[in-house]
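Colleague: Chain by chain, the residues:
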Amino acid sequence: MYKIKSLIIIIFSLLLALPLKAQEDERFFKAAGTPVNPKVQVSWNKYYTYSGIKDLCEKLAGAHPGLVKIESAGKSYEGRDMIVLIVTNHKSQDPNHKPGYYIDGNIHSNEIQGTEMALYAAWYLAEMYDENDFIRELLDDKVFYILPTINPDARENYMHEPNTSSSPRSGMAPRDDDRDGLVDEDGFDDINGDGVISTMRRKSPYGEYRSDPADPRQMIRVEPGQPGEYEMLGYEGIDNDGDGEVNEDRQGSYDPNRDWGYNWEPDYVQRGADKYPFSFPENRAVRNFATKHRNIAGAQTYHNSGGMILRGPSIEGGGSEVYSREDEQVMNAIGQMGETIIPGYRFLTIWKDMYTVYGGEVDWWYGFMGTFVYSNELWTSRLMFQDDSRDNYKFDKLLLFEDAFIPWKEYDHPVYGKVEIGGFDKNFGRNHPGFLLEADAHRNTAFCFYHAYHTPKLEVRDIKVKDLQGSLKQVTATVANLRIMPTHSGQNLRYKIDPPDYIYLDGGEVVAGMIVLDEDNNVCKEQVKNPQRIEVENIPGNSTVKVRWIVKGGNRFTVRVESVKGGHTSGTN
Amino acid sequence: MKKIIKFFLFSLMVFFATEAIICSQAKYHSHGEINSILGRLNNAYPGLTTIETIGTTDSGKDINVLTIGTGETGAKPGIAIIGGIDGRYIAGREIALGFAERLLENSGDNEINELINHVSFYVIPDASPDASSGFFSDPKQERLVNANPTDNDRDFKTDEDPYEDLNGDGFISMMRVKEPTGDYITDPEEERLMRKADPAKGETGSWCLYSEGIDNDKDGNFNEDGQGGVNFNNNFSFEYEEFGQNAGINAVSEKESRAVADFLYDHFNIFAVFSFGPQDNLGQAFKPARTTQAQPQVPSQAQPQTGRQQFSRGPRKVTNIFPEDSDHNTLLSEKYLEYTGYSGSPGFTREPGNFMEWAYYHYGRYSYSTPGWWIQTEKGLSSEASFLKYAAENIDEEVFTEWQEVEHPDFPGKTVEVGGMKPFAMYNPPENKLEEVVESNYQFLIDAAQLHPEPELLDLETEKLDKDLFRVTVKLRNKGILATTSQMGDQVKWMRKLKVELKSGSDFSLASGKKIIVADRLKGGESREFSWLIVGRGDFTISADAINCGMDEISFTLR
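Here the protein sequences come in this chain order: A and B. Start counting the first sequence at 1; every next residue gets the next number (the working numbering). Start counting the second sequence at 1; every next residue gets the next number (the working numbering).
Hints are not guaranteed to be accurate.
Said to hold, decoys possible - Pairs of lysine-lysine residues, derived as DSS-like cross-links and limited to a Cα-Cα distance of at most 25 Å, are as follows:
| # | chain 1 | residue 1 | chain 2 | residue 2 |
| --- | --- | --- | --- | --- |
| 1 | B | Lys140 | B | Lys422 |
| 2 | A | Lys466 | A | Lys397 |
| 3 | A | Lys496 | B | Lys218 |
| 4 | B | Lys178 | B | Lys201 |
| 5 | A | Lys352 | B | Lys317 |
| 6 | B | Lys140 | B | Lys389 |
| 7 | B | Lys493 | B | Lys514 |
| 8 | B | Lys218 | A | Lys525 |
| 9 | B | Lys503 | B | Lys479 |
| 10 | A | Lys529 | B | Lys414 |
| 11 | B | Lys433 | A | Lys529 |
| 12 | A | Lys394 | A | Lys464 |
| 13 | B | Lys493 | A | Lys292 |
| 14 | B | Lys422 | B | Lys464 |
| 15 | A | Lys529 | B | Lys157 |
| 16 | B | Lys157 | A | Lys496 |
| 17 | B | Lys317 | B | Lys493 |
| 18 | B | Lys218 | B | Lys414 |
| 19 | A | Lys394 | A | Lys409 |
| 20 | A | Lys30 | A | Lys54 |
| 21 | B | Lys433 | B | Lys475 |
| 22 | B | Lys140 | B | Lys433 |
| 23 | B | Lys317 | B | Lys497 |
| 24 | B | Lys433 | B | Lys389 |
| 25 | A | Lys418 | B | Lys514 |
| 26 | B | Lys422 | B | Lys178 |
| 27 | A | Lys496 | A | Lys525 |
As the list claims (entries may be wrong) - Which chain B residues stay away from chain A? Per the calculated CB distances, all over 12 Å, these:
| # | residue |
| --- | --- |
| 28 | Gly205 |
| 29 | Glu242 |
| 30 | Asn320 |
| 31 | Thr485 |
| 32 | Asp507 |
| 33 | Ile547 |
Since the hints were made in silico from the structure, they are not lab data. In this text the structure is predicted, and so the values were computed from the model without any measurement. Don't be surprised by glycine CBs; every beta carbon is placed ideally from N, CA and C.
Sequences and hints are given; from them, build the entire structure.
Modeller: Written out as structure tokens, the structure is:
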């Protein structure tokens with residue numbers, strides 16, 4: 001009896017341990033466009049610490065072994081693994097032979113939601129593979145390289161240490177910001193000990209501020225001639241090193257997004273730059289990862305905020321970066337579709353519409369890798385009331401029930417005496433409030449998918465064999481690119497970043513080979529050297545190239561295409 | 001007794017033997033020889049030197065730095081002396097090495113002893129040893145690049161088309177092919193030399209000119225992708241050229257450039273860098289731009305900075321020397337010509353990503369560079385013709401390989417001749433002149449080192465205003481010739497500021513003034529006054545220091 005009982009328990013436990021088939025759970029009814037009962041349950045209304053990210057990534061890889069693989073691109077400054085998820089149908093083809101799509105987030109450590117957006121994409125792809133034809137095709141054809149955070153150390157600092165909504169932004173390597181020979185010696189001081197750096201005010205009849213009668217939490221400037229109530233004393237802090245300046249040498253204080261080896265300039269030209277390009281191990285790890293994955297044809301690097309879909313160049317004229325006319329068309333076609341997919345986000349060019357950035361990641365991806373890249377500035381105040389009113393106080397009151405505000409409260413400051421400390425929490429203003437996170441993650445992910453879908457898709461079509469004199473045959477094949485993006489961007493062609501596309505003919509002995517420029521009028525360009533492998537410099541988007549061989553013998557011919565960013569494919573007559 | 005004498009004699013022998021090893025012969029030393037000389041110097045002068053390996057190249061060669069100085073070397077103004085930044089300019093390696101040897105040999109002299117006590121020297125004789133190894137390889141060839149395999153011609157193959165010594169003379173020289181389509185002619189001024197035909201003068205070419213070798217990969221180009229690599233002197237971030245020839249995958253991407261840049265950045269005390277290579281500003285000083293250039297402003301650190309405000313659009317790039325720095329450059333250049341007796345200038349070689357301009361524009365230090373030796377080009381003659389003329393009278397060794405016909409597999413049935421200037425000949429003095437070149441450069445460097453900035457506190461005044469209230473005034477003066485920071489360095493984050501600090505063991509407060517003052521730069525001879533209103537009594541100290549010019553301290557008692 002005892003034995004039977006334990007057997008039942010074992011069987012029951014085994015059943016529980018088996019992943020439940022999604023459709024069979026009676027508790028759920030599918031909402032359009034989301035997995036009804038995902039193997040990995042994730043709530044997308046919160047943010048994940050490094051251990052949360054790691055846990056989620058490991059669960060995804062564990063639950064979807066054929067779709068998600070987890071790797072490390074290297075170590076961060078403090079020794080954390082730079083987690084990469086490689087998401088694709090790992091069985092369909094060697095992932096290195098598929099067009100790649102890259103997503104990273106959180107290069108600015110306080111801009112945390114890029115991580116959740118990147119994770120959402122990985123999760124959605126894996127969980128929807130069996131439910132949706134578009135996603136299945138996407139993962140059969142493409143490979144996604146997803147780095148949820150490329151600044152893990154400072155993400156931890158942002159979440160666990162006292163910070164504002166804008167700090168640290170940097171990574172964690174110590175730096176001497178005020179050139180006094182000491183590093184990071186005068187950072188913020190969390191006077192009220194609440195883990196957030198908010199603002200200090202002091203009662204003063206000569207102050208220039210008073211409470212807003214409409215919402216007393218808000219400080220407004222008094223009209224000239226009117227009496228004031230408070231003076232504002234800046235962020236919580238003390239002059240730790242006694243030089244008369246407050247908070248002037250905080251942790252780090254460089255900009256990891258001014259550290260990339262393209263159009264790089266030093267700190268006096270581009271504030272935030274360090275010694276030289278790739279001064280930091282995180283960016284070096286990404287560079288090394290990318291140069292080993294030259295198939296990455298499209299990329300997204302998430303920032304916040306402002307609701308923008310940004311494209312390069314980041315400096316006027318682009319430096320040695322040149323968008324060809326064809327590239328402009330591609331960038332604009334995809335970017336403008338982004339404005340439709342993510343209402344409220346505007347499609348803008350970095351140097352022209354925002355500001356100049358030397359040594360930014362966007363210019364490196366396009367400039368050095370020849371990759372079509374966008375950088376979305378996540379979150380815009382337009383998402384609050386779907387208008388341009390931008391009233392944070394009203395939103396916090398009506399929709400967040402004042403959860404985002406630290407009420408003003410009196411504290412003793414060692415130098416300023418009695419002060420009041422309060423203001424918005426560090427998680428508000430730049431990062432999404434929870435209930436809006438999933439919706440915006442989905443829209444931004446949909447934009448990435450649209451972009452990824454339009455990396456090249458090559459197909460061999462229409463292999464025609466014609467008998468010539470004697471045993472000679474003429475084999476003509478068409479290679480089509482069915483998507484918007486070319487196999488080689490203008491930058492790629494200009495600097496020969498990738499080899500040309502190779503089109504091989506197998507079967508029969510190749511005597512001559514050529515590119516057919518005009519089939520009707522028989523205009524061809526012969527390739528004398530190694531004619532079995534025809535070199536085509538580019539296969540533009542939504543177009544075809546024709547190649548021809550003269551062969552001796554053979555009946556069955558296979559045409560193989562190898563393109564670094566366009567993937568590998570073949571066709572047989 | 002006999003034993004003692006024997007021992008004494010033996011010691012004497014060892015002493016002389018050691019001396020003999022240390023005074024190395026004036027010759028071109030291989031990288032291995034340089035490193036063993038550095039090692040021996042380090043053993044011979046234990047109180048004055050330290051040796052450090054700052055990097056290892058892809059072929060396994062150690063890049064060594066010999067630090068010469070006393071006490072806490074890192075807290076005294078420092079000078080970096082760097083050779084081997086360009087693989088062709090091998091004499092610069094000997095100048096750097098010879099400087100270290102001479103400085104140490106003379107360290108017993110009062111003047112040198114005084115200098116070593118005040119200034120720390122960082123000598124890197126061979127910064128890019130894989131490149132300079134071309135001089136010692138067989139065949140001898142001018143090599144610019146390190147041993148990091150690269151696809152120089154971007155044909156997606158690496159290192160597939162090196163040089164070949166076709167005439168077997170042990171040198172890689174030039175190769176000319178008689179072709180009606182060629183655009184070169186023999187120079188009518190100097191028949192041995194080739195130059196481009198000038199159609200405006202009614203000339204038509206009859207030769208094609210290539211470097212010596214075979215088109216190994218049959219792409220129509222000769223020797224375009226040899227062994228390695230990246231050129232150290234094109235791999236720095238100032239005006240770095242993306243996708244440039246031998247430039248590397250990004251600025252400061254290589255083991256050599258990173259090792260040197262990191263070493264320099266880690267040594268905040270270095271105020272001047274002397275390097276020896278193709279760039280020159282000692283034969284002819286840099287002049288400031290005629291139009292005033294926008295002065296970059298470093299945003300104030302005082303404000304709490306956030307987001308966009310902190311990282312807004314930067315000021316313009318600086319690409320011309322600042323006027324005051326130019327004045328110093330002129331002074332140094334005059335001294336250089338005086339010590340060496342050279343005339344004219346080797347000319348400034350424009351190169352993207354070069355080291356010497358980086359050391360000024362990005363590293364922010366006084367940066368001086370020269371080939372260390374040159375022949376003045378005669379009016380009306382090409383530099384090569386001038387050199388051949390000079391060599392005929394002054395150089396015993398053969399500097400030119402006479403054109404000699406060879407069989408060439410890529411040009412069957414055509415006239416192919418190998419010859420031309422011997423590699424390295426034009427850039428480096430013959431070995432018998434090396435001693436003299438090293439000596440005059442040493443003398444110059446010693447003189448230049450004396451110009452170092454040095455803070456001095458003087459004219460201390462204390463006034464008693466009331467029982468416990470004192471006004472203290474002091475002047476801080478830079479008694480050196482060079483500024484505490486170059487004008488360029490003032491823009492750069494990697495240059496420390498002057499710091500004036502008031503300290504006391506007793507309790508005190510300040511009615512006016514700050515305990516720590518981070519002060520702006522002082523020109524040579526310039527002084528500035530600081531004052532405090534101190535409430536309290538006791539023993540006080542005021543210190544003034546910037547790591548790149550040393551420190552001074554003054555003490556007083558208030559009662």
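Colleague: Confirm or reject each hint.
Modeller: Hints, one by one, checked against the model:
{"no.": "1", "hint": "B/Lys140 / B/Lys422", "in the structure": "holds, 9 Å"}
{"no.": "2", "hint": "A/Lys466 / A/Lys397", "in the structure": "violated, 76 Å"}
{"no.": "3", "hint": "A/Lys496 / B/Lys218", "in the structure": "holds, 19 Å"}
{"no.": "4", "hint": "B/Lys178 / B/Lys201", "in the structure": "holds, 21 Å"}
{"no.": "5", "hint": "A/Lys352 / B/Lys317", "in the structure": "holds, 19 Å"}
{"no.": "6", "hint": "B/Lys140 / B/Lys389", "in the structure": "holds, 23 Å"}
{"no.": "7", "hint": "B/Lys493 / B/Lys514", "in the structure": "holds, 23 Å"}
{"no.": "8", "hint": "B/Lys218 / A/Lys525", "in the structure": "holds, 20 Å"}
{"no.": "9", "hint": "B/Lys503 / B/Lys479", "in the structure": "holds, 24 Å"}
{"no.": "10", "hint": "A/Lys529 / B/Lys414", "in the structure": "holds, 23 Å"}
{"no.": "11", "hint": "B/Lys433 / A/Lys529", "in the structure": "violated, 52 Å"}
{"no.": "12", "hint": "A/Lys394 / A/Lys464", "in the structure": "violated, 69 Å"}
{"no.": "13", "hint": "B/Lys493 / A/Lys292", "in the structure": "violated, 33 Å"}
{"no.": "14", "hint": "B/Lys422 / B/Lys464", "in the structure": "violated, 77 Å"}
{"no.": "15", "hint": "A/Lys529 / B/Lys157", "in the structure": "holds, 16 Å"}
{"no.": "16", "hint": "B/Lys157 / A/Lys496", "in the structure": "holds, 12 Å"}
{"no.": "17", "hint": "B/Lys317 / B/Lys493", "in the structure": "holds, 15 Å"}
{"no.": "18", "hint": "B/Lys218 / B/Lys414", "in the structure": "holds, 17 Å"}
{"no.": "19", "hint": "A/Lys394 / A/Lys409", "in the structure": "holds, 21 Å"}
{"no.": "20", "hint": "A/Lys30 / A/Lys54", "in the structure": "violated, 28 Å"}
{"no.": "21", "hint": "B/Lys433 / B/Lys475", "in the structure": "violated, 49 Å"}
{"no.": "22", "hint": "B/Lys140 / B/Lys433", "in the structure": "holds, 20 Å"}
{"no.": "23", "hint": "B/Lys317 / B/Lys497", "in the structure": "holds, 22 Å"}
{"no.": "24", "hint": "B/Lys433 / B/Lys389", "in the structure": "holds, 17 Å"}
{"no.": "25", "hint": "A/Lys418 / B/Lys514", "in the structure": "holds, 23 Å"}
{"no.": "26", "hint": "B/Lys422 / B/Lys178", "in the structure": "holds, 21 Å"}
{"no.": "27", "hint": "A/Lys496 / A/Lys525", "in the structure": "holds, 20 Å"}
{"no.": "28", "hint": "Gly205", "in the structure": "holds, 27 Å"}
{"no.": "29", "hint": "Glu242", "in the structure": "violated, 5 Å"}
{"no.": "30", "hint": "Asn320", "in the structure": "holds, 14 Å"}
{"no.": "31", "hint": "Thr485", "in the structure": "violated, 10 Å"}
{"no.": "32", "hint": "Asp507", "in the structure": "holds, 15 Å"}
{"no.": "33", "hint": "Ile547", "in the structure": "violated, 6 Å"}
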